[in-house]
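Trainee: If you want the building blocks of each chain, they are given just below.
Number of protein chains: 2
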Amino acid sequence: MIILKIGGSILTNKDSAESEIDSKSLKRIASEIKSSLDRSDKQLIIVHGAGSFGHPPAKEYKIGEPFQKDEYPQKRIGFCKTQNAVKKLNMLICEAFIEEGLPVVAIPASSFMTATNKRITDGNLNSFKKYLDKGFIPVIYGDVVLDNQLEICVISGDQLIQYLAVNLNPDRVILGTDVDGVYSKNPKTHDDAIFFDRFSSLEDLDTLEGTTNVDVTGGMVGKIKELLYLAELGIEAKIINAEVNDNIFKVLEDEKVKGTVISRGN
Amino acid sequence: MIILKIGGSILTNKDSAESEIDSKSLKRIASEIKSSLDRSDKQLIIVHGAGSFGHPPAKEYKIGEPFQKDEYPQKRIGFCKTQNAVKKLNMLICEAFIEEGLPVVAIPASSFMTATNKRITDGNLNSFKKYLDKGFIPVIYGDVVLDNQLEICVISGDQLIQYLAVNLNPDRVILGTDVDGVYSKNPKTHDDAIFFDRFSSLEDLDTLEGTTNVDVTGGMVGKIKELLYLAELGIEAKIINAEVNDNIFKVLEDEKVKGTVISRGN
Chain A
-14 MIILKIGGSI
-4 LTNKDSAESE
6 IDSKSLKRIA
16 SEIKSSLDRS
26 DKQLIIVHGA
36 GSFGHPPAKE
46 YKIGEPFQKD
56 EYPQKRIGFC
66 KTQNAVKKLN
76 MLICEAFIEE
86 GLPVVAIPAS
96 SFMTATNKRI
106 TDGNLNSFKK
116 YLDKGFIPVI
126 YGDVVLDNQL
136 EICVISGDQL
146 IQYLAVNLNP
156 DRVILGTDVD
166 GVYSKNPKTH
176 DDAIFFDRFS
186 SLEDLDTLEG
196 TTNVDVTGGM
206 VGKIKELLYL
216 AELGIEAKII
226 NAEVNDNIFK
236 VLEDEKVKGT
246 VISRGN
Chain B
-14 MIILKIGGSI
-4 LTNKDSAESE
6 IDSKSLKRIA
16 SEIKSSLDRS
26 DKQLIIVHGA
36 GSFGHPPAKE
46 YKIGEPFQKD
56 EYPQKRIGFC
66 KTQNAVKKLN
76 MLICEAFIEE
86 GLPVVAIPAS
96 SFMTATNKRI
106 TDGNLNSFKK
116 YLDKGFIPVI
126 YGDVVLDNQL
136 EICVISGDQL
146 IQYLAVNLNP
156 DRVILGTDVD
166 GVYSKNPKTH
176 DDAIFFDRFS
186 SLEDLDTLEG
196 TTNVDVTGGM
206 VGKIKELLYL
216 AELGIEAKII
226 NAEVNDNIFK
236 VLEDEKVKGT
246 VISRGN
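Protein chains in written order, with the working numbering: chain A, -14 to 251; chain B, -14 to 251.
Any given hint could be a false lead.
[Stated by the list, open to error] A short, non-exhaustive set of chain A residues, derived as facing chain B with CB atoms under 10 Å: (1) R61; (2) K66; (3) F82; (4) F180; (5) F181.
Please keep in mind that the hints were generated in silico from the structure rather than gathered at the bench. Quantities reported herein were computed from a predicted structural model and do not represent experimental measurements. Quick reminder that beta carbons are idealized off the backbone N, C-alpha and C, glycines included.
Pulled out of the complex, with its shape left as it was, chain A reads as follows (with noise of 0.2 Å):
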């Protein structure tokens, strides 16, 4: 089984001052997933992020910070808007998938998971199971959730890539990202950015942390974090670029693909 991926930022356009999907990329994006199930059947699960959708909500209602009692009902009100709009992408997303004949399944991560601090620390996955022996492709988002410390909280897609991998023992884990994969410093800014192929330990994190800007990095560190986790327990994952085209579909194929693979050190 494959866990793949697909960054908000590649499925939604970020300029724009209205939420809007990418429709262009989406749909290469599809038939891509497509030609490689047509070549052969892969069980797949696809994560997406919550783009350009579910982050303007979520800021503006300060969702996952701490909070006092009388400021619940305006808090409830957000985690609704921010569910709502994630629903909203899911949905485009869907469709788009649908239309080239991909039979995607969605379970929002709100419906069944919890959190503790923010971290995931309840969800069932038997759904995922019973869709994946059934042919097909469950679909989870980056979404909100109830958090016993916090109360409510934001869960990541690159948190949900984790928490599946752990419980389902993927064989592979492929992040669709809008960069190559790990640079020391921004490529798009800095022409001496050094590309990494393999990425094995914390030390290798430390090491990018300090020469380059956490948020020039577009989360990438997050990212690592959660699959430097998966690597020691033996889950390789790959960071891709997957707006070139037909990334995404070699990837799928195995083929040979420039990215960084995460994975635990000898």
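Using the hints provided, position chain B relative to the given structure of chain A.
Mentor: Showing chain B alone in chain A's frame:
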């Protein structure tokens, strides 16, 4: 706790060729619910039908009918299309409800329930309890689910009411429909239709089935069967007309509203 069903026919425009929400009706109902919650705190679960969104794909792909193994790929796509269509309806309903200040959170049946021969046989309701405890309004709706016998099937909002009520023991069950309650014949076409204030047994149902056409009642017989089962367990339900101004508000406030009560006989 109150379980409130809102019929799909009230929320969508049946006459429209496209799947279309009835925004005016939706806004009115949302504001009636809000007014009641403002007057006094109530725990509420909302169930809505699939309306003109879910029925067309479910019908086109004959979801719930037995099929040959080689038809499975097409059936899967039909399942996914139906799931996505009702998700879209739910997203539009939640949008309108949140706009009125209702903290609605969707918990789709397809993400955690399974059926056996079209009846729900598995579905842990812990998420409902947790969201209710935190002051949210859980929302569930007519959806598709995996079926142990038929592979896939459709679950109606009416069956969901029954499952929720049996397992969560609500104080009251309310069904908002587009008629005043149960008549012996279709009151829109028959002047001699008799109105039933109360329904208590399968014998009453026999009378009804003997004197009217099941189709004409718009699925009313199906609703009554689900509710009579609840009545046997001591859970009373009331069918009212949600198209009449203030009926939803009044029934939530336990004020007098025309309708049919389904309860246990003495």
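Trainee: All the hints need checking, so say for each whether the structure fits it.
Mentor: Hints, one by one, checked against the model:
1. Annotation: interface hint on R61(A) holds; nearest CB of chain B at approximately 4 Å, less than 10 Å.
2. About 6 Å separates the beta-carbon of K66(A) from the nearest beta-carbon of chain B, less than 10 Å, and the hint is met.
3. A hinted interface residue such as F82(A) counts as satisfied when its beta carbon comes closer than 10 Å to some beta carbon of chain B; here the least separation is about 8 Å, so the hint holds.
4. Interface restraint check for F180(A): the shortest CB-CB distance to chain B comes to about 38 Å, outside 10 Å, so the restraint is violated.
5. The interface hint given for F181(A) is violated, since its Cβ lies 37 Å from the closest Cβ of chain B, which is over the 10 Å cut-off.
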